[in-house]
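Trainee: 161 is the number that our numbering gives to position 161 of the sequence shown; each next residue is one higher, with no gaps.
Rather than coming from a laboratory, the hints here were simulated on the basis of the structure.
Fair warning: there could be bad hints in the mix.
[To be verified] Think about it this way: if two alpha-carbon atoms lie no more than 25 angstroms apart in a straight line, the pair counts; the simulated SDA-like pairs of lysine to any residue are: (1) LYS102 <-> PRO136; (2) LYS105 <-> LYS116; (3) LYS105 <-> PHE206; (4) LYS105 <-> THR32; (5) LYS116 <-> ARG130; (6) LYS116 <-> ASP29; (7) LYS186 <-> ILE33; (8) LYS105 <-> LEU82; (9) LYS186 <-> ARG197.
[What the hints assert, rightly or not] Ranges of calculated distance between the beta carbons of each label pair, as one might list FRET restraints: (10) ASP211 <-> ILE124: 28 to 34 angstroms; (11) PRO214 <-> PRO84: 18 to 24 angstroms; (12) SER208 <-> SER118: 26 to 32 angstroms; (13) LEU23 <-> PRO84: 18 to 24 angstroms.
If you're wondering where the values come from, they're calculated on a predicted model, not measured in any experiment.
Built from N, CA and C at the ideal position, the CB exists for glycine as well.
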Amino acid sequence: RTLKKETKESEEFVLLSGGQQQLTMLVADQGTIYVDDVRNLCEVENNRQTGKKENDATELEGNDPLLRPGVLPVWSTALFLLIPVRLGLNYINPDYIPALLKILKFPQCVGMIGGKPSHSLFFIGSQDTRLLYLDPHTVHDAATNENCEDTSFPDKENITTYHCNDPKLMAASEIDPSLAIGFYCKSVGDFMDLRGRIGQLEGPVFLSVMDKKPSYDFDDPEEGEDAEGEEEDDDEWYDIS
1 RTLKKETKES EEFVLLSGGQ QQLTMLVADQ GTIYVDDVRN LCEVENNRQT GKKENDATEL
61 EGNDPLLRPG VLPVWSTALF LLIPVRLGLN YINPDYIPAL LKILKFPQCV GMIGGKPSHS
121 LFFIGSQDTR LLYLDPHTVH DAATNENCED TSFPDKENIT TYHCNDPKLM AASEIDPSLA
181 IGFYCKSVGD FMDLRGRIGQ LEGPVFLSVM DKKPSYDFDD PEEGEDAEGE EEDDDEWYDI
241 S
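When you get a sec, could you build the whole thing from the sequences and use the hints?
Mentor: Right, here's the structure in full:
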């Protein structure tokens with residue numbers, strides 16, 4: 001079952017399985033992950049209602065699960081983060097490539113959806129400055145329960161369809177600048193580790209983590225005019241003629 005919730009800044013998909021495991025998906029726009037969105041989706045309801053207590057690590061920032069075990073908020077679901085980014089106009093900006101290659105090595109990263117013009121690909125790793133990819137356009141029949149119960153499954157023919165005979169590599173400078181990066185966080189500790197790794201990226205970066213969404217509320221224009229008028233009345237003017 002899939003439950004879709006739309007917000008102003010992001011799209012949230014709550015994926016519910018038939019068993020005990022639950023997975024929540026968050027699409028973060030503009031390369032920014034907001035901690036409040038993550039907490040609202042993943043934390044146990046009681047944690048959010050209780051709020052932060054003195055000496056309690058309900059806030060994610062500045063807490064290390066290795067140094068402070070047992071005080072972290074409890075997640076009721078795992079989290080799949082999908083972050084669409086655009087790293088150039090017609091071509092990828094080469095200044096972003098070092099950070100992109102480093103992100104692929106994060107333990108939480110599950111790959112990138114991207115490719116080159118008119119050809120979508122799924123990038124799963126890197127070698128030097130080249131990206132290792134799979135081509136999703138090669139479609140095969142899914143393995144069913146009946147197949148798996150057959151003692152001859154998987155046979156040689158099946159195995160060849162699930163593996164590449166040769167690794168498929170592409171120079172990072174050749175990919176399309178529009179792509180989406182995926183991360184899987186099983187627990188709050190995984191998310192905190194991901195946040196720390198993103199914060200340690202050097203050079204031009206295109207991902208960030210913020211506590212809350214910025215507020216775009218402005219004061220009443222009439223009130224602002226009154227305030228400015230009061231300030232002008234307080235100024236002292238001198239005749240210098």
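Trainee: For each hint, tell me whether it holds in the structure or not.
Mentor: Hints and how they fare:
{"no.": "1", "hint": "LYS102 <-> PRO136", "verdict": "holds (24 angstroms)"}
{"no.": "2", "hint": "LYS105 <-> LYS116", "verdict": "holds (21 angstroms)"}
{"no.": "3", "hint": "LYS105 <-> PHE206", "verdict": "holds (16 angstroms)"}
{"no.": "4", "hint": "LYS105 <-> THR32", "verdict": "holds (19 angstroms)"}
{"no.": "5", "hint": "LYS116 <-> ARG130", "verdict": "holds (14 angstroms)"}
{"no.": "6", "hint": "LYS116 <-> ASP29", "verdict": "holds (21 angstroms)"}
{"no.": "7", "hint": "LYS186 <-> ILE33", "verdict": "holds (16 angstroms)"}
{"no.": "8", "hint": "LYS105 <-> LEU82", "verdict": "holds (16 angstroms)"}
{"no.": "9", "hint": "LYS186 <-> ARG197", "verdict": "holds (16 angstroms)"}
{"no.": "10", "hint": "ASP211 <-> ILE124: 28 to 34 angstroms", "verdict": "holds (31 angstroms)"}
{"no.": "11", "hint": "PRO214 <-> PRO84: 18 to 24 angstroms", "verdict": "holds (19 angstroms)"}
{"no.": "12", "hint": "SER208 <-> SER118: 26 to 32 angstroms", "verdict": "holds (31 angstroms)"}
{"no.": "13", "hint": "LEU23 <-> PRO84: 18 to 24 angstroms", "verdict": "holds (19 angstroms)"}
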